[in-house]
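Got chain A sorted already, so can you dock chains B, C, D, E and F with the ligands onto it with the hints?
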Amino acid sequence: MFYPAKKLVIITEYFISEKVCAIIESCNGKGYTLVPIGGKGMHHLHSTSKKATVIEGFDNLKIEVVTVDRAVAEVIAEKVLSECFEDFAGVMYLEDVEICRPERF
Amino acid sequence: MFYPAKKLVIITEYFISEKVCAIIESCNGKGYTLVPIGGKGMHHLHSTSKKATVIEGFDNLKIEVVTVDRAVAEVIAEKVLSECFEDFAGVMYLEDVEICRPERF
Amino acid sequence: MFYPAKKLVIITEYFISEKVCAIIESCNGKGYTLVPIGGKGMHHLHSTSKKATVIEGFDNLKIEVVTVDRAVAEVIAEKVLSECFEDFAGVMYLEDVEICRPERF
Amino acid sequence: MELIFDFLRQFASQLQSPTLSFLIGGALLAAFGSKLTIPSPIYQFVVFVLLMKIGMKGGVEIRGAELSEMLLPAAISVVLGLLIVFLGHFIFSRLPGINSADGTATAGLFGAVSASTLAAAIVMLEEQSMNFEAWMPALYPFMDIPALILAIVLASIQREKNKGGERKKVHAWAIVKESLRSSALSAMILGLFLGLFARPETVLASFYEPLFRGLLSVLMLVLGMEAWTRIKELKDVAHWFAVYAFFGPIVHGLIAFGLGYLAHLWVGFSPGGVVLLSVIAASNSDISGPPTIRAGIPWANPSSYIGASTSVGTPVAIAICIPLFVALAQVVFDL
Amino acid sequence: MELIFDFLRQFASQLQSPTLSFLIGGALLAAFGSKLTIPSPIYQFVVFVLLMKIGMKGGVEIRGAELSEMLLPAAISVVLGLLIVFLGHFIFSRLPGINSADGTATAGLFGAVSASTLAAAIVMLEEQSMNFEAWMPALYPFMDIPALILAIVLASIQREKNKGGERKKVHAWAIVKESLRSSALSAMILGLFLGLFARPETVLASFYEPLFRGLLSVLMLVLGMEAWTRIKELKDVAHWFAVYAFFGPIVHGLIAFGLGYLAHLWVGFSPGGVVLLSVIAASNSDISGPPTIRAGIPWANPSSYIGASTSVGTPVAIAICIPLFVALAQVVFDL
Amino acid sequence: MELIFDFLRQFASQLQSPTLSFLIGGALLAAFGSKLTIPSPIYQFVVFVLLMKIGMKGGVEIRGAELSEMLLPAAISVVLGLLIVFLGHFIFSRLPGINSADGTATAGLFGAVSASTLAAAIVMLEEQSMNFEAWMPALYPFMDIPALILAIVLASIQREKNKGGERKKVHAWAIVKESLRSSALSAMILGLFLGLFARPETVLASFYEPLFRGLLSVLMLVLGMEAWTRIKELKDVAHWFAVYAFFGPIVHGLIAFGLGYLAHLWVGFSPGGVVLLSVIAASNSDISGPPTIRAGIPWANPSSYIGASTSVGTPVAIAICIPLFVALAQVVFDL
Ligand SMILES: Nc1ncnc2c1ncn2[C@@H]1O[C@H](COP(=O)(O)O)[C@@H](O)[C@H]1O
Ligand SMILES: Nc1ncnc2c1ncn2[C@@H]1O[C@H](COP(=O)(O)O)[C@@H](O)[C@H]1O
Ligand SMILES: Nc1ncnc2c1ncn2[C@@H]1O[C@H](COP(=O)(O)O)[C@@H](O)[C@H]1O
Ligand code: NA
Ligand code: NA
Ligand code: NA
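Here the protein sequences come in this chain order: A, B, C, D, E and F. Under our numbering, the first sequence has 48 at position 48, and the numbering climbs by one with no breaks. Under our numbering, the second sequence has 1091 at position 91, and the numbering climbs by one with no breaks. Under our numbering, the third sequence has 2023 at position 23, and the numbering climbs by one with no breaks. Under our numbering, the fourth sequence has 3286 at position 286, and the numbering climbs by one with no breaks. Under our numbering, the fifth sequence has 4156 at position 156, and the numbering climbs by one with no breaks. Under our numbering, the sixth sequence has 5171 at position 171, and the numbering climbs by one with no breaks.
None of these hints come from the bench; they were simulated from the model. Heads up, a few of these hints could be off.
[What the hints assert, rightly or not] Heads up, simulated SDA-like pairs for lysine to any residue below, C-alpha to C-alpha not over 20 Å straight-line:
#1 Lys50/A / Gly2038/C
#2 Lys3163/D / Ser1082/B
#3 Lys1050/B / Lys2050/C
#4 Lys5161/F / Ile5098/F
#5 Lys30/A / Glu3233/D
#6 Lys1040/B / Glu3233/D
[What the hints assert, rightly or not] Quick list of simulated restraints, FRET-style, between CB atoms:
#7 Ser5093/F / Pro2102/C: 30 to 38 Å
#8 Lys3232/D / Lys19/A: 17 to 25 Å
#9 Glu3127/D / Asp87/A: 32 to 40 Å
#10 Tyr2003/C / Leu5196/F: 35 to 43 Å
#11 Tyr2003/C / Glu1078/B: 31 to 39 Å
#12 Phe5247/F / Pro2102/C: 40 to 48 Å
#13 Asn2028/C / Phe5247/F: 40 to 48 Å
Computed from a prediction, not measured in an experiment: that's the story for all the values here. Glycine included, C-beta positions come from ideal geometry on N, C-alpha and C.
Okay, chain A solo, but in the shape it has when bound:
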């Protein structure tokens, strides 16, 4: 019932998220999940966006892609790294998962 797969997690600023999603689709990711988040890393604290901030678009977003093929995850990660993360904040990691209905991923 469960089949091994990979989940790639990408954390990035809102206004390059569209570019990241386009990369996912162009690299044969079959879908993705978007989670609004806050957090802190090397840069300043981002609130969880409930509170008004005058400047729009600097919120963070977590993007998760589940894929049966590790190679797909690696290609996406490489492209995101070279095309989006050069100048922008962001974090990326991979997890092992076991999926139901593998035909969907």
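For chains B, C, D, E and F with the ligands alone, coordinates are given in the frame of chain A:
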């Protein structure tokens, strides 16, 4: 201090989430976490629900259940698959985790 | 391109989240991600905070810390357990991940 | 001839009304890819205030009214809700390349009622100083709920026929409860009760009424943006849905106008009431209908009925049907 | 006898007031399982506008006032806050089957003050054209903060006694700061400062005042929904909490009425001021108190004090205590 | 001398105006660590209503106007936008310890326009009954867009020089589109169109205008809180950014005042128009500029330009520049 356990992740539309939660409780899941999300899969793009959409209830939700017993996770997954996912969009996967305070799961 | 690391996940009430974040920073966690959630455990159902609740601060929050060093995760977990979770609701678990750009974690 | 002329004049002037111009403005914004959004909590609050106001106002005004007058129009509403669904079900089942469940689900939404269209119609009638019976908004559930139930029943019967096998019972009472519990209907019913049994006049006059038109303009903007955004979904499904969504509201409204006219002759139903009945019939459920249909007919493809409803049906109901029926009333009732 | 009669008349008419009817409406909605919700950002904004208005209005009006008049009522407020907590702590510690920390935490909330109840009382007094001193809202922190601090101190002492061992110091100043920084109190204090030192009259008259009653009706709806929703939590804890939450507000309000009456005799404290003081004493903290108590007495079970407060205490304070003290004032002061 | 006196008087009285006192109040709240927040959806809606009102009002009033009058001021606006960016780019490139991209990005924001400052200036002019041309708000994009484009072009050229290697083309048209699509500009343009081509007068008078000042007070509170909160960020970058952010607005505004005065002599540009032009020039983009700059100059450090803009530039533009240019106009035009 840490004990092996499983985390079952279920992504589904809001208005069957109550049914999914009822299944979790009926199958001895000791708790669950609800994460409001957006995303894209075989169906259309769901926004992260900050933006007004005229039609309510079509947002997506991520439901996470941590359990020490893989069998519990499998029973929940099976039930959700047969009772909820026949007609509805949705994605399900399992992850390995290590928990603190195993008596709570 | 990917290097093994650990992700510590802490679920807790909003108004001790600041204390948890301070513990993370004091224990050399290099960053953390905050996810607004709802959920149910031994206590009552927490909504996902879209709905007005008269009383503020009782929402739940998921805090994720990625670190290359399992020891760091364990120290954080121990401190959170002893300093925050004695009286408060909360759940904690660890996951294996593979990270890009290990110098950031 | 004169009707067409009247309608065109009415239509041209309505295009500039706050209601319609915001609807069009919203669609233009979305078409040009604007990042302007109305946040979801604001939208929910807007709907709440509009429906509370409609309910309270109705409640306050019908305190002394003769409710027996409501019987015939209520009966007509039930008939209309059922008739529209039967008609749609019949039409879609004869069209080529249509999944029958998708057709029935769509017919269900078009038989049901839109709270936003109702609010827009009330403002437009007020602008025309065309009076209507205070209990008119209370007809909403009489048309809405039977339509949704019938659509789910028809789709379930159809499915059994096709699949053979296990009969799945439709829980009509559960659907009634779910409809009444929806945010839109329960706001209106709460308002109605407060208007009937409490004394909300001060707060109605200081808050709900003054904000009504402004918030309606915000709602229209959201409807316009949504209409444009969902056109993509409509493109992926059979074109018949768009055709039905364009002509359906006009035909449904005309049928309602006819029945309303009879009620006018028999029991003195007011011209404004006839227009409002026609608009209710022409409208299709946007807030509470889709989740009910999704839960009741989960095997139907939401893109078909939601696309048809939000992208074509609602704009047609607001922008074409309201001015059309107002013009028609002016001719027919010689106002 | 006449008092009871007056109260009943007052009560019956208040039930229909926008304030109370929306409170009841909210509870009914929740009881019938309605999906109608007021979004959280709207609720926060409503509270902000209400408290800014109360603060600004107060600030504007006390510009020329003799603030020394405030001294006695402020002292009485401190005494009341402390007294209520001592009383509750004493009562709960004598009741069977009660975790003493839960009891003290509950007493702390009931000694503290509810911003929503205060807003409701101000509207009701205005409707009765019963005047009160402009600085009355400024008494809020004088009762609120001492009550919260005392409850935390008492619970900590108790814990030490039981546990023996390590003494955990209570940081009174930290609690004062936390209270003043809470969203409710800081909105009111900001308003007060703006009213005192700036010239916010135009914006007060064009925005904050006209919206006040409407937004209060929305707040009452939320309180009503919450009261019903949390009744479940209350069922899981000892029934004494419900009993205390029902009679506590009435008793606390009556004590405050007595002390206020003395101040009336001594320094001419106004009848409206006496009523408002009684309502403040009768109220229990809903917005800022619970997090302070949770942080200060984390070993107390939130279900007990939150359930008691939101499900019973607040409805009793608004629906029973306000009309009761208004009626009492009319008899006592012969208005 | 008299000017300084006038300005000080003006300034002292403006400090008590709702606009400025809320700005200061917000900063104080943040400084004292208050937990009061204005929820994000409310903020977005506030900006929407303010800009729709400015747009609609402008649109309604310029229906009959002679738009050729707008030509010279529009040209001046373009020149100002470009000039300010060149100036800033030049200054920062001569200052020690500044990453040149950070400087150019900052200059870009200060050349661009702030919707909030514009709204505040309009209210303050109304309070002074100082009239201005109805099309003034429409100058916004004429200054805003050229400034943003120029900053991105300059930063890109600089980068090429430093890095050598691959030339990265700046897509000017894409920046224009992105600017026009930003929530702030598209709300104002939508309002303008509705005002020009529809009849939104009823809804303008019943909703957008009455709420304007109140919502502006809320916006000022948010700006004040943000100014304080982001001061931390500013501390981490070179102090020159703070110096530039303090004097820049005053200098930019004075240049604009001079050019506006010439337009007054040549084509009769009104005194109120001159003040508004100066304020627009003094303002720096807060809502839509930062994302455009972030996307166009991603290698610049956001803390430098956002800190400079929100923590210093905006408060200076609102609290110092508006009263300064009003006082200046009163002296220069002898009002
Ligand atoms: N060690 C970490 N663990 C979890 N999340 C992190 C970590 N570092 C950074 N993040 C997330 O990534 C976002 C951007 O990180 P940064 O680019 O380092 O500012 C932060 O706001 C966090 O949400
Ligand atoms: N490959 C995937 N990776 C991550 N999330 C996915 C994936 N496919 C689908 N999802 C999520 O599941 C939701 C429903 O998927 P679907 O039923 O395929 O439309 C989407 O909106 C996504 O949030
Ligand atoms: N077994 C579980 N699986 C996933 N999340 C859980 C589980 N138990 C508790 N939680 C989360 O932790 C929060 C607090 O749990 P508790 O302290 O048990 O009430 C809940 O509201 C859930 O969000
Ligand atoms: Na209909
Ligand atoms: Na009290
Ligand atoms: Na500028």
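Original post:
Tell me, which hint numbers fail for this structure?
Top reply: Result: hints 9, 10 break, sorted rising.
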